[in-house]
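The letter at position 293 of the sequence shown is residue 293 when you use the UniProt record's numbering, and the numbering goes up by one with no holes.
Don't read these hints as lab results, they were simulated from the structure. Treat each hint with caution, since some may be false.
To be verified - Quick list of simulated restraints, FRET-style, between CB atoms:
#1 Q417 with K256: 24 to 34 Å
#2 M267 with A133: 50 to 60 Å
#3 S374 with Q398: 19 to 29 Å
#4 M1 with S397: 36 to 46 Å
#5 Q398 with S149: 54 to 64 Å
#6 E350 with E136: 39 to 49 Å
#7 K210 with A260: 41 to 51 Å
#8 E298 with E136: 25 to 35 Å
Claimed, not checked - Subject to a maximum C-alpha distance of 25 Å in a straight line, what follows is the list of computed DMTMM-like cross-link-like pairs (lysine to aspartate or glutamate):
#9 K143 with D225
#10 K447 with D318
#11 K155 with E172
#12 K124 with D225
#13 K373 with D390
#14 K42 with E55
#15 K177 with D27
#16 K333 with D318
#17 K403 with E347
#18 K127 with E172
#19 K333 with D346
#20 K425 with E347
#21 K40 with D329
Treat the numbers as computed from the prediction; the structure is a model and nothing was measured. Cβ atoms here follow ideal geometry from the backbone N, Cα and C, with glycine treated the same way.
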Amino acid sequence: MFKKVTRSIAKQMDSKGELIPVYSILDQEHFRPYCLVRRKEKTIFHPTPGYRRTEYSLYDVLLLGGDKTSAEFLIPTEDVQDSSQVTFTHHVDGKVEGKLHLPVKSANTEVYGSTRWSKEGSIKLEKKYIPVAKLESLKTERKFNMNHSFIAQLKKKQQNLYLVYESIQTSEETNYKETNKTEGSFMAQLYAKFSAEGTRSCKESITIPKGCTIAFRTMQLTIDDGSWDIYHFPEDNVQTFVSDGFLHGKLGALEKEVKAKYQIFSMLSVDLYNTFLKSIKAVMRNRNLFQELTQKMEAVLEETDNCELKTESPDLKDLLHSLQDSPRDLLLKLAKAINYTLYALDELTEDQLLLLLESLEEKIVSQQLKLVKSILEYDIQNTEGCFSVDASLLSFSQEKEQKLTTVMLEMSGVKIQKNGSAECKQEAFSSLAALYASLYVLDLLSKLD
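Whenever a hint applies, use it, and build me the whole structure from the sequences.
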């Protein structure tokens, strides 16, 4: 829930995407001014880079200056300044409706239902930042300690390093509430195949402590034999020559990225296909397993020397055992593909993950993949009003499959009718792109299941 709050705040406070939300309340102390962080890989569906925490601040890795009294490990309070406070109020109401005909408790039951959700909260925030003048003077006064173990390892692996120079923090303790009310049990009990047991309400709340980091901005550091500098402007990968047509632009880039990431999966044996699919389905159901697999794949990619791919979970044991026995170059390729899959799935809602699992059982992910691709062929970020897709892509053997698909798309910001007419929110591209990547890998792995 903390992730939902921070993403919403960051998006509304900075539409450019330079303000990075903190995803875990347990990590928030590591994204304050002067903290050192590393960047995660960018993707088409997540163009705003994510960052990994480190255990160090800038002061931890700098040599002492001429003033030997500056050896304290705590950052001097005068080195971080405050700006005026702002109050962020958030309230969202929504509704998803549907009618499905599914077997429930060994009986054929027609389920009418709708899900209503409400999110509200008022959060007082303040900005804390490092004055540019302080950074400029610090560059001349103190050099990086190139013998520091962390810096030495980064240099050996040629990994980039970033400095948090601004953060948005809560100025007082805040309670945030979210309510989901499900009528007719639509989506409330998808685990039990949409059981029809009346109205059910689900309330979540979180207490965000005073001084908690909600979002942050970074600058990239450059280090040359101890001397260092900062990039004052974010990286810009905009191409000089824009390709003709949207299909060869974002959708083309998405297809290219997805195929490149999953090429290694096409080389797996049938048994390994089943092993990988089993584990991916497991993490889609269980958030704890999701986090465990994510941590292990990141450890592999960071080349942690003592990374042991062991687990107590029977759902992950076969996968990790297969990876452990793989040659190093193959292990890295597989870890990248798995990490990319987890990154895509993490962009979807929990309800969407359950709908994807149901789609796997109904064996309709191939058709859903084609449908999502046809939607992405339109310039949905700049298209207003309605557009049409091939209605045959919405023609399923059973009505429940069509309903399941339309509900899943609506959760990504696309309302679509049986006749192919569709309406899409302008901000839906990232969610649709993540859905495309998720469907692609599930389709690939399930073909030989």
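key: Hints breached by this structure   = 11, 12
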